[in-house]
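Asker: The chain contents come next:
Number of protein chains: 2
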Amino acid sequence: MSAFDKIFEYVDANEKYYIDRLAEVVAIPSVSAEAARRPDVVRMGEWLVKELKALGATVNVHHPGKQTIEGQQLDLPPIVLGTYGTDPAKKTICVYGHYDVQPAAREDGWDTDPWTLVEDAKGRLIGRGSTDDKGPVISWLWVIAAHQKLGLDMPVNLKMCFEGMEESGSEGLDEFIIAEAKGDFFKDVDAVCISDSYWLGTKKPCLTYGLRGVSYFMVEVSGPGKDLHSGVFGGIVHEPMSDLFAVFSKLVSADGKILIPGIYDDVAPVTDAEDKMYGTLDFSLNDIHEAVDSKVTIHKTEKEALMARWRYPSLSIHGIEGAFSSPGSKTVIPAKVIGKFSIRSVPNMEPAKISELVKTFVNAEFKKIGSKNTLSIDCGHAGKAWVADTNHYNYVAAEKAVERVFKVKPDFIREGGSIPVTLTFQDALQTNVLLLPMGRSDDGAHSTGEKIDKENYIGGIKLLAAYLHEIALVA
Amino acid sequence: MSAFDKIFEYVDANEKYYIDRLAEVVAIPSVSAEAARRPDVVRMGEWLVKELKALGATVNVHHPGKQTIEGQQLDLPPIVLGTYGTDPAKKTICVYGHYDVQPAAREDGWDTDPWTLVEDAKGRLIGRGSTDDKGPVISWLWVIAAHQKLGLDMPVNLKMCFEGMEESGSEGLDEFIIAEAKGDFFKDVDAVCISDSYWLGTKKPCLTYGLRGVSYFMVEVSGPGKDLHSGVFGGIVHEPMSDLFAVFSKLVSADGKILIPGIYDDVAPVTDAEDKMYGTLDFSLNDIHEAVDSKVTIHKTEKEALMARWRYPSLSIHGIEGAFSSPGSKTVIPAKVIGKFSIRSVPNMEPAKISELVKTFVNAEFKKIGSKNTLSIDCGHAGKAWVADTNHYNYVAAEKAVERVFKVKPDFIREGGSIPVTLTFQDALQTNVLLLPMGRSDDGAHSTGEKIDKENYIGGIKLLAAYLHEIALVA
Ligand SMILES: [Zn+2]
Ligand SMILES: [Zn+2]
Ligand SMILES: [Zn+2]
Ligand SMILES: [Zn+2]
Chain A
0 MSAFDKIFEY VDANEKYYID RLAEVVAIPS VSAEAARRPD VVRMGEWLVK
50 ELKALGATVN VHHPGKQTIE GQQLDLPPIV LGTYGTDPAK KTICVYGHYD
100 VQPAAREDGW DTDPWTLVED AKGRLIGRGS TDDKGPVISW LWVIAAHQKL
150 GLDMPVNLKM CFEGMEESGS EGLDEFIIAE AKGDFFKDVD AVCISDSYWL
200 GTKKPCLTYG LRGVSYFMVE VSGPGKDLHS GVFGGIVHEP MSDLFAVFSK
250 LVSADGKILI PGIYDDVAPV TDAEDKMYGT LDFSLNDIHE AVDSKVTIHK
300 TEKEALMARW RYPSLSIHGI EGAFSSPGSK TVIPAKVIGK FSIRSVPNME
350 PAKISELVKT FVNAEFKKIG SKNTLSIDCG HAGKAWVADT NHYNYVAAEK
400 AVERVFKVKP DFIREGGSIP VTLTFQDALQ TNVLLLPMGR SDDGAHSTGE
450 KIDKENYIGG IKLLAAYLHE IALVA
Chain B
0 MSAFDKIFEY VDANEKYYID RLAEVVAIPS VSAEAARRPD VVRMGEWLVK
50 ELKALGATVN VHHPGKQTIE GQQLDLPPIV LGTYGTDPAK KTICVYGHYD
100 VQPAAREDGW DTDPWTLVED AKGRLIGRGS TDDKGPVISW LWVIAAHQKL
150 GLDMPVNLKM CFEGMEESGS EGLDEFIIAE AKGDFFKDVD AVCISDSYWL
200 GTKKPCLTYG LRGVSYFMVE VSGPGKDLHS GVFGGIVHEP MSDLFAVFSK
250 LVSADGKILI PGIYDDVAPV TDAEDKMYGT LDFSLNDIHE AVDSKVTIHK
300 TEKEALMARW RYPSLSIHGI EGAFSSPGSK TVIPAKVIGK FSIRSVPNME
350 PAKISELVKT FVNAEFKKIG SKNTLSIDCG HAGKAWVADT NHYNYVAAEK
400 AVERVFKVKP DFIREGGSIP VTLTFQDALQ TNVLLLPMGR SDDGAHSTGE
450 KIDKENYIGG IKLLAAYLHE IALVA
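So the protein sequences, as listed, match chains A and B. Numbering that gives the first Met the number 0 numbers the first residue of the first sequence as 0 and each following residue consecutively. Numbering that gives the first Met the number 0 numbers the first residue of the second sequence as 0 and each following residue consecutively.
The hints are simulated quantities; they were obtained by calculation from the structure and are not laboratory data. As the structure is a computational prediction, the values presented were derived from the model and not from experiment. Be aware that one or more of the hints could be misleading.
As the list claims (entries may be wrong) - Stretches of chain A that chain B covers, calculated by requiring three or more beta carbons in the stretch to come under 8 Å of a beta carbon on chain B:
(1) 5 to 14
(2) 71 to 79
(3) 300 to 311
(4) 386 to 392
(5) 442 to 451
To be verified - Quick list of in silico lysine-lysine cross-link-like pairs, BS3-like style, CA-CA up to 25 Å:
(6) LYS294(A) <-> LYS371(B)
(7) LYS256(A) <-> LYS366(B)
(8) LYS453(B) <-> LYS249(A)
(9) LYS366(B) <-> LYS249(A)
(10) LYS49(A) <-> LYS148(A)
(11) LYS148(B) <-> LYS335(B)
(12) LYS256(A) <-> LYS367(B)
(13) LYS299(B) <-> LYS367(A)
(14) LYS358(B) <-> LYS249(B)
(15) LYS299(A) <-> LYS371(B)
Note that CB positions come from ideal geometry on N, CA and C, so glycine has one too.
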């Protein structure tokens with residue numbers, strides 16, 4: 000029996016254990032965006048430290064400093080650094096993941112408690128962080144554990160870098176990677192692997208070689224010194240909400256065209272090779288309809304839709320802080336509101352230029368309406384788009400691993416989301432970076448009902464193990 | 000010593016008691032808009048029943064039925080009905096108030112706990128409901144108690160009608176008043192007095208003879224079956240938030256002009272008498288600036304500003320339910336959002352026509368943008384505007400009472416806010432209705448930091464007592 004088969008058999012036999020352990024981490028509400036949840040984020044980091052130590056890894060913890068959130072100064076959660084193996088004869092693979100999660104609350108529309116992992120009749124493991132990114136992160140631990148239980152030698156040296164701020168701009172991470180690129184932890188890294196993206200559809204595994212960037216904007220409109228009664232002051236003061244709606248309505252058309260002048264100028268042209276590639280992908284508009292649970296798609300063809308996701312920018316308005324947001328009918332004039340939107344960027348758009356174009360446009364549109372209120376715009380965080388070289392052994396090994404576990408060649412795809420650290424690893428460590436997704440397109444990361452299918456979680460553990468073995472074989 | 004002087008002296012001597020009792024009712028968070036607070040609303044109703052009984056009033060409670068809120072079926076809070084005195088030789092005055100309050104939370108920007116009455120250095124009694132409308136409601140009780148303690152005969156029969164749903168559309172109240180207009184409780188009512196409005200400025204008492212109406216609209220835009228990740232789906236689906244911003248940006252200009260065609264058609268023309276009256280009011284733009292704590296006013300003259308508040312409609316956008324509203328930077332595409340706005344209406348605008356104009360316009364604007372999402376618009380509640388006959392003894396008595404307590408003639412004003420029950424009382428009981436404000440323009444009803452000045456609260460108790468005595472003298 001090959002090492003591959005031994006591992007696959009072992010992983011299948013321990014399915015229940017893996018699910019129980021996933022439930023254990025989903026139960027820690029490590030929301031990095033909420034000050035009140037910060038202790039939970041730290042607790043989740045400590046959980047990883049304990050598990051890594053139990054596996055015999057050398058563990059270090061980096062504290063990236065402080066952050067001001069909701070008016071409080073808080074410690075940023077630790078970057079957990081595990082080293083497993085230092086054999087100079089082996090390749091050294093750095094794996095990255097994040098142990099923080101998006102906010103979630105039952106009231107947002109979850110059918111079940113977001114912090115209790117539930118397996119439904121279709122074998123979906125539902126809970127916040129199940130697929131983004133706790134499932135993938137802990138799978139690396141199960142790969143090491145399986146080798147130990149089976150008495151197998153690890154095929155590579157592993158450097159594990161797990162952060163707790165990914166959902167809130169990865170504060171402190173870039174600085175750390177850049178500063179430590181030549182330091183003990185990163186200096187021997189040959190390639191990087193990140194499992195924090197998704198299959199294109201729901202059936203066929205993929206390797207991801209491109210990501211959009213994201214620039215997040217906060218637009219504050221203020222004027223009245225306090226919230227006002229609309230009966231008493233409606234019609235006699237400039238209302239921040241009216242101003243915000245006037246300005247935000249100018250950002251994007253209903254069919255997704257960004258209306259900010261110049262924003263498309265730096266979008267890379269479509270090459271012939273890229274143009275042909277769209278025809279071969281295992282993907283249908285129906286996959287989007289199923290993932291979205293609706294047919295409100297903008298495009299009529301798969302190619303147009305994927306181009307819109309992968310290689311064109313988009314703009315989404317996320318919400319308003321400071322306005323009335325509860326059920327019921329409050330007749331308030333909010334005194335200060337913060338509208339939030341983000342732009343997904345693509346090669347060769349530069350964050351600094353995006354920010355400049357957006358700020359110029361928003362300020363000009365606000366000036367046009369002639370309000371006495373005050374508008375200020377801030378680019379909260381910005382990450383650049385990224386594309387990788389798919390001929391590198393990192394991708395070749397991953398391709399073989401997919402074939403071994405799933406008996407099918409993976410699609411080579413891009414993603415619409417952004418994982419800014421991808422680019423940082425590539426640039427700072429001067430290595431190839433592979434994105435090796437575990438979950439499916441309909442997992443609902445960042446949404447209500449986030450899930451990972453049992454098949455993907457268990458198959459994913461096998462995939463990560465197989466990938467490391469293929470690295471040893473092809474590199 | 001006259002009855003007036005005896006009462007005034009007694010009220011002054013019991014200031015601390017009155018403030019302690021106000022603190023007691025502010026501590027009951029009787030928010031009618033929130034399902035979870037419904038037991039507190041009921042508790043506040045029970046508090047009134049107990050106090051009225053202790054005063055020897057005949058108390059009845061009307062249960063208006065059920066309501067669905069936040070998906071729960073809840074009992075509407077009771078309408079508390081107190082009768083004090085049935086002497087056929089006396090006039091019977093019906094006084095109305097509401098014991099529910101607006102939502103409030105520390106996070107909204109309150110400097111102090113909204114449910115703990117705090118007296119600041121300037122003698123302001125700060126807390127939710129202090130001025131709207133718990134302070135005025137309980138003052139009627141103190142008027143009865145003062146007469147008992149002083150051994151004075153009440154100059155009128157009192158019918159007290161206190162509801163617990165005013166801040167949520169007064170559900171069940173209109174039906175009750177209309178049905179019972181000829182019943183035991185209301186049949187002998189000669190005039191109605193409501194203390195639930197505010198002085199025009201901060202210095203001079205007023206009698207209020209007009210109110211704007213309000214039509215509250217909820218616009219739901221939905222499409223995706225669940226919240227989506229903007230990286231994965233940004234640019235490929237029609238986003239409910241973009242649609243909502245597109246439509247709402249068409250509602251009102253930055254300088255407060257409603258952009259819905261036909262909305263101004265039924266606004267009553269300005270008469271010569273009205274036009275002249277604006278010149279004599281004790282009011283300056285500075286009063287608005289102080290109340291708003293800012294200079295973001297639209298108009299350059301007092302007259303324009305007051306006309307905008309009293310006799311022209313206005314439109315305010317209050318907020319969005321279902322979008323991201325917390326601090327931080329969540330990159331979600333909300334699947335279903337409910338935008339909320341309201342229109343303050345004036346004579347002779349009719350709610351049915353307002354609703355029709357608004358719905359036609361909103362649906363047409365949504366159609367224009369060509370989104371695949373679905374928009375539905377609902378008029379949550381609607382109350383008509385109102386004006387009263389100021390030559391009635393009800394107003395004459397109140398004018399004399401103001402002069403007696405405050406040594407100044409009151410201004411006759413209108414209000415921008417709406418108290419739909421005013422019109423119901425007038426139409427159903429066929430009586431004159433007086434609005435007799437206790438608080439000042441800068442009390443911040445519905446806002447953070449709601450307060451009533453100690454002077455206004457204590458002076459208000461005297462005013463209500465004096466008004467009842469003047470009724471007996473002039474009617
Ligand atoms: Zn992630
Ligand atoms: Zn994420
Ligand atoms: Zn009120
Ligand atoms: Zn109110």
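Asker: Okay, which hints does this one fail, numbers in order?
Answerer: Hints 1, 2, 4, 8, 11 are the ones this structure does not satisfy, whereas the remaining hints hold.
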